[in-house]
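> Fit chains B, C and D to the given chain A structure using the hints.
There are 4 protein chains.
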Amino acid sequence: MEPWRTAIVNKDETHIWLRGYDITQLMSRASFASVLFLLHKNRLPTDGEERLFNALLIASADHGSGAPSCATARLAASGNRESLSAAVAAGILAIGDVHGGAGALTMDVIRVISEDAKAGGGINAAAARYVERAKASGQRVPGFGHRVHTTDPRVAVLFAMAKDAGVAGTGIDAVVALDAALKAAKTEIPINIDGALAAILFDLGFPASAGKLIFIAGRVAGLTAEVAEEHEREKPMRIRIPIEYDGEPPREF
Amino acid sequence: MEPWRTAIVNKDETHIWLRGYDITQLMSRASFASVLFLLHKNRLPTDGEERLFNALLIASADHGSGAPSCATARLAASGNRESLSAAVAAGILAIGDVHGGAGALTMDVIRVISEDAKAGGGINAAAARYVERAKASGQRVPGFGHRVHTTDPRVAVLFAMAKDAGVAGTGIDAVVALDAALKAAKTEIPINIDGALAAILFDLGFPASAGKLIFIAGRVAGLTAEVAEEHEREKPMRIRIPIEYDGEPPREF
Amino acid sequence: MEPWRTAIVNKDETHIWLRGYDITQLMSRASFASVLFLLHKNRLPTDGEERLFNALLIASADHGSGAPSCATARLAASGNRESLSAAVAAGILAIGDVHGGAGALTMDVIRVISEDAKAGGGINAAAARYVERAKASGQRVPGFGHRVHTTDPRVAVLFAMAKDAGVAGTGIDAVVALDAALKAAKTEIPINIDGALAAILFDLGFPASAGKLIFIAGRVAGLTAEVAEEHEREKPMRIRIPIEYDGEPPREF
Amino acid sequence: MEPWRTAIVNKDETHIWLRGYDITQLMSRASFASVLFLLHKNRLPTDGEERLFNALLIASADHGSGAPSCATARLAASGNRESLSAAVAAGILAIGDVHGGAGALTMDVIRVISEDAKAGGGINAAAARYVERAKASGQRVPGFGHRVHTTDPRVAVLFAMAKDAGVAGTGIDAVVALDAALKAAKTEIPINIDGALAAILFDLGFPASAGKLIFIAGRVAGLTAEVAEEHEREKPMRIRIPIEYDGEPPREF
Numbered sequence: 001m002e003p004w005r006t007a008i009v010n011k012d013e014t015h016i017w018l019r020g021y022d023i024t025q026l027m028s029r030a031s032f033a034s035v036l037f038l039l040h041k042n043r044l045p046t047d048g049e050e051r052l053f054n055a056l057l058i059a060s061a062d063h064g065s066g067a068p069s070c071a072t073a074r075l076a077a078s079g080n081r082e083s084l085s086a087a088v089a090a091g092i093l094a095i096g097d098v099h100g101g102a103g104a105l106t107m108d109v110i111r112v113i114s115e116d117a118k119a120g121g122g123i124n125a126a127a128a129r130y131v132e133r134a135k136a137s138g139q140r141v142p143g144f145g146h147r148v149h150t151t152d153p154r155v156a157v158l159f160a161m162a163k164d165a166g167v168a169g170t171g172i173d174a175v176v177a178l179d180a181a182l183k184a185a186k187t188e189i190p191i192n193i194d195g196a197l198a199a200i201l202f203d204l205g206f207p208a209s210a211g212k213l214i215f216i217a218g219r220v221a222g223l224t225a226e227v228a229e230e231h232e233r234e235k236p237m238r239i240r241i242p243i244e245y246d247g248e249p250p251r252e253f
Numbered sequence: 001m002e003p004w005r006t007a008i009v010n011k012d013e014t015h016i017w018l019r020g021y022d023i024t025q026l027m028s029r030a031s032f033a034s035v036l037f038l039l040h041k042n043r044l045p046t047d048g049e050e051r052l053f054n055a056l057l058i059a060s061a062d063h064g065s066g067a068p069s070c071a072t073a074r075l076a077a078s079g080n081r082e083s084l085s086a087a088v089a090a091g092i093l094a095i096g097d098v099h100g101g102a103g104a105l106t107m108d109v110i111r112v113i114s115e116d117a118k119a120g121g122g123i124n125a126a127a128a129r130y131v132e133r134a135k136a137s138g139q140r141v142p143g144f145g146h147r148v149h150t151t152d153p154r155v156a157v158l159f160a161m162a163k164d165a166g167v168a169g170t171g172i173d174a175v176v177a178l179d180a181a182l183k184a185a186k187t188e189i190p191i192n193i194d195g196a197l198a199a200i201l202f203d204l205g206f207p208a209s210a211g212k213l214i215f216i217a218g219r220v221a222g223l224t225a226e227v228a229e230e231h232e233r234e235k236p237m238r239i240r241i242p243i244e245y246d247g248e249p250p251r252e253f
Numbered sequence: 001m002e003p004w005r006t007a008i009v010n011k012d013e014t015h016i017w018l019r020g021y022d023i024t025q026l027m028s029r030a031s032f033a034s035v036l037f038l039l040h041k042n043r044l045p046t047d048g049e050e051r052l053f054n055a056l057l058i059a060s061a062d063h064g065s066g067a068p069s070c071a072t073a074r075l076a077a078s079g080n081r082e083s084l085s086a087a088v089a090a091g092i093l094a095i096g097d098v099h100g101g102a103g104a105l106t107m108d109v110i111r112v113i114s115e116d117a118k119a120g121g122g123i124n125a126a127a128a129r130y131v132e133r134a135k136a137s138g139q140r141v142p143g144f145g146h147r148v149h150t151t152d153p154r155v156a157v158l159f160a161m162a163k164d165a166g167v168a169g170t171g172i173d174a175v176v177a178l179d180a181a182l183k184a185a186k187t188e189i190p191i192n193i194d195g196a197l198a199a200i201l202f203d204l205g206f207p208a209s210a211g212k213l214i215f216i217a218g219r220v221a222g223l224t225a226e227v228a229e230e231h232e233r234e235k236p237m238r239i240r241i242p243i244e245y246d247g248e249p250p251r252e253f
Numbered sequence: 001m002e003p004w005r006t007a008i009v010n011k012d013e014t015h016i017w018l019r020g021y022d023i024t025q026l027m028s029r030a031s032f033a034s035v036l037f038l039l040h041k042n043r044l045p046t047d048g049e050e051r052l053f054n055a056l057l058i059a060s061a062d063h064g065s066g067a068p069s070c071a072t073a074r075l076a077a078s079g080n081r082e083s084l085s086a087a088v089a090a091g092i093l094a095i096g097d098v099h100g101g102a103g104a105l106t107m108d109v110i111r112v113i114s115e116d117a118k119a120g121g122g123i124n125a126a127a128a129r130y131v132e133r134a135k136a137s138g139q140r141v142p143g144f145g146h147r148v149h150t151t152d153p154r155v156a157v158l159f160a161m162a163k164d165a166g167v168a169g170t171g172i173d174a175v176v177a178l179d180a181a182l183k184a185a186k187t188e189i190p191i192n193i194d195g196a197l198a199a200i201l202f203d204l205g206f207p208a209s210a211g212k213l214i215f216i217a218g219r220v221a222g223l224t225a226e227v228a229e230e231h232e233r234e235k236p237m238r239i240r241i242p243i244e245y246d247g248e249p250p251r252e253f
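Protein chains in written order, with the working numbering: chain A, 1 to 253; chain B, 1 to 253; chain C, 1 to 253; chain D, 1 to 253.
Here chain A stands alone, though its shape is the one from the complex:
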């Protein structure tokens, strides 16, 4: 069997290195968010990037027990009290294309728009063309729209922090241009957290997969707390879903 190659951790009897840094030095002097950044990017963040990355993880940490991820984790805990890992993992499994997954799609859209912009007319024209095509084919623009918020309060904070950190670039430009193009097309749907995350991760040089992976790393903070609360406050099997059966009436075998 081939050894598994890895560039992430090296260790011997007395040392552990993460991406070449001695873990005890990281423990003494770095933040957890910086180390997550390091593991993905192979370098430590600048101070501005670190603040921004912290903000982005906090923005993803929790959005309430009703979000599919947290609700799934609590439901799993309701039937399975013997494994905390199982409940947290179940919560992560609810994260996909629809919930927490629009970030990866939005990063693809940013890439399409930024390449189209190079072809001519700038980012605003490219965004307008994208919105036009999406409307014509009846497709939703990923990174926009929310079930609860008309304006998501996290978005403006993230974009301002990105500017302060000198990180804001094509990603934010493209999402802001999409927002303007949607408004011009009389479609008032706000930038959502997936869209904001995608813009910033793009500008930080992360690949599209990070749209999902970094959201997961942030959301696990909330999932662990929601599962802990479910165990502490609630009885097993407390959750009763109202079901309406509309299938076959009783029939003969």
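The list treats identical chains as interchangeable, and a pair is accepted whether it falls inside one copy or across any two copies.
Cut-off 35 Å, straight-line C-alpha distance, at most; resulting in silico cross-link-like pairs (DSBU-like, lysine-lysine):
| no. | residue 1 | residue 2 |
| --- | --- | --- |
| 1 | K235 | K41 |
| 2 | K118 | K235 |
| 3 | K118 | K135 |
| 4 | K118 | K41 |
| 5 | K183 | K163 |
| 6 | K11 | K41 |
| 7 | K186 | K235 |
| 8 | K186 | K163 |
| 9 | K163 | K41 |
| 10 | K186 | K11 |
| 11 | K118 | K186 |
Note that these hints are calculated values from the structure, not bench results.
Relative to chain A, chains B, C and D alone:
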């Protein structure tokens, strides 16, 4: 259906509060580790607690692709390229009583020892009694022993930071006392990361379940990076485990 | 690296054997339930055992979308449309000590009672002593009680089939004795499906872990169908859980 | 909260119906494979369909501990001994586009070919055109090729049983035509189990998603047995993957 109660997140159209704090203020001024602490403890950490909690999460972040959690995540990614969530969740499912789960057990042991110490003779005598009982019944002392390290370099750093932060208390005292009692009983097995985590989480006032949940929150940093690396560098289905069949020979139906 | 030992599957370029049987012969002549039995027991079932094992799997297959396992699978599918595996796995993660897990506990109780019976007085006296101890310590008797059914219609059918198959033994005797002892103690809670499964799996010579594993193998039939229905009939993100927040009011950072 | 609609299970205090059939009648007279068919198709299978469906589930049941699904389940069990569900779920999470997922893709290809065949020239010409396009764009044909077998022994048995059952139709025709077209194009890669499953599930009228879901239902038989064997025979943490680190050398913070 009864509404689900929660004390963690509240929101309306324009605000999101985590444990009563406006999420935009947390994003601007707090670290991700502080917010994880807040979600679990209902208060923000002091500066010393925050440094310590960061160190503890970094210590848990990754220990190489061969640890069961990371190997499981990579194996799942090897067969299933279409879902990043699935691979990360698979990695979490390898965390249990044996891997990453000794923290919860150790916190129970700390509780036993600290209560026994109150009965008389102090923490060292109580730890010696515990080790004696464990040896007599052939049981392992949780939080001690490691496959790779003879001395885990993370332990001393964590204990020193806990002292600096004014956090060190019964948890660390009990684990240090156990270490001395094991040495006195001629059993040279070092404190491992689970034991150190347990000591500190105990001193920070976390319940035993946090021994597993906080380890998971830290390890997800490594899992997301290991899965990203597997996708970027390796081909699907690359992993071939050597199997030795020792069951029934061919037989008639 | 040591090769992994396994007694389950052997294969070469042109043959696959399961527990020594040529898979093509099993495919031509055996039922799926028989092969599941074979993989766990290393022998094919008798005709009576096969009928009984089929019945037991059918009894576990589905109990509606509101059971924690199916509800968890549907919730995961609600947020994550891109991975069918993720939704099915999430459903399995809701199976534990509380939901679908009482079988393993009940098998342990059967073992305790059957050993106590050998000590004297027979199975009925042993069951009565067990119920007395459980009542005295305020513990529930596993395998008894249900949220919906006052009499679970599956139980009598399973026990009758076990008798017909010549399988009924200590397992069913112990559970029936527990039922009588509970009634004598004025506790009218019916044998549930976990209890019936445990009795029969005990009499078929399965270990306690099978109480959970065989339930999972059966329930996956329902989980796959529930997930397919969720994808076909329902929109993503359709599930909205009513939340009641009772935590900290807004507070200053 | 809106009630969840479902057509699968209905129950009251004394009855449980699956798709309109009394579960006690199904338990007494049907096979588990028939009930899985019923849950997905809303009707019981004919005798021929039942035999075929059993064969298809048996063919999926297990292919050895080295397949990603089983290896992932065993690795998870290696670190996490406290949750059987977690290990089985981890195994399912390794099933995706690459492992066990080609069935869904192949069903899409069958649909494309069968529609192209209607346009003119019959199924063989359509399959040849498909292979030509795939070769031109460097894409693999899903449902063909295997790591171990040059001829997968399960395929011929399944196709023969499908013919005997009167089920063989466009699905098998399309896959056989693809096989011939690949051979004509000098590409000797055999039909694999995913391809055979897809052909038969297509001819049984299942949607593409069943390519994955029915494979999962079958594979869970093997996963539960592999996890049981891991618990019974092996020590925790036994699995050590050889890692070769090729990343950053030690560097200064």
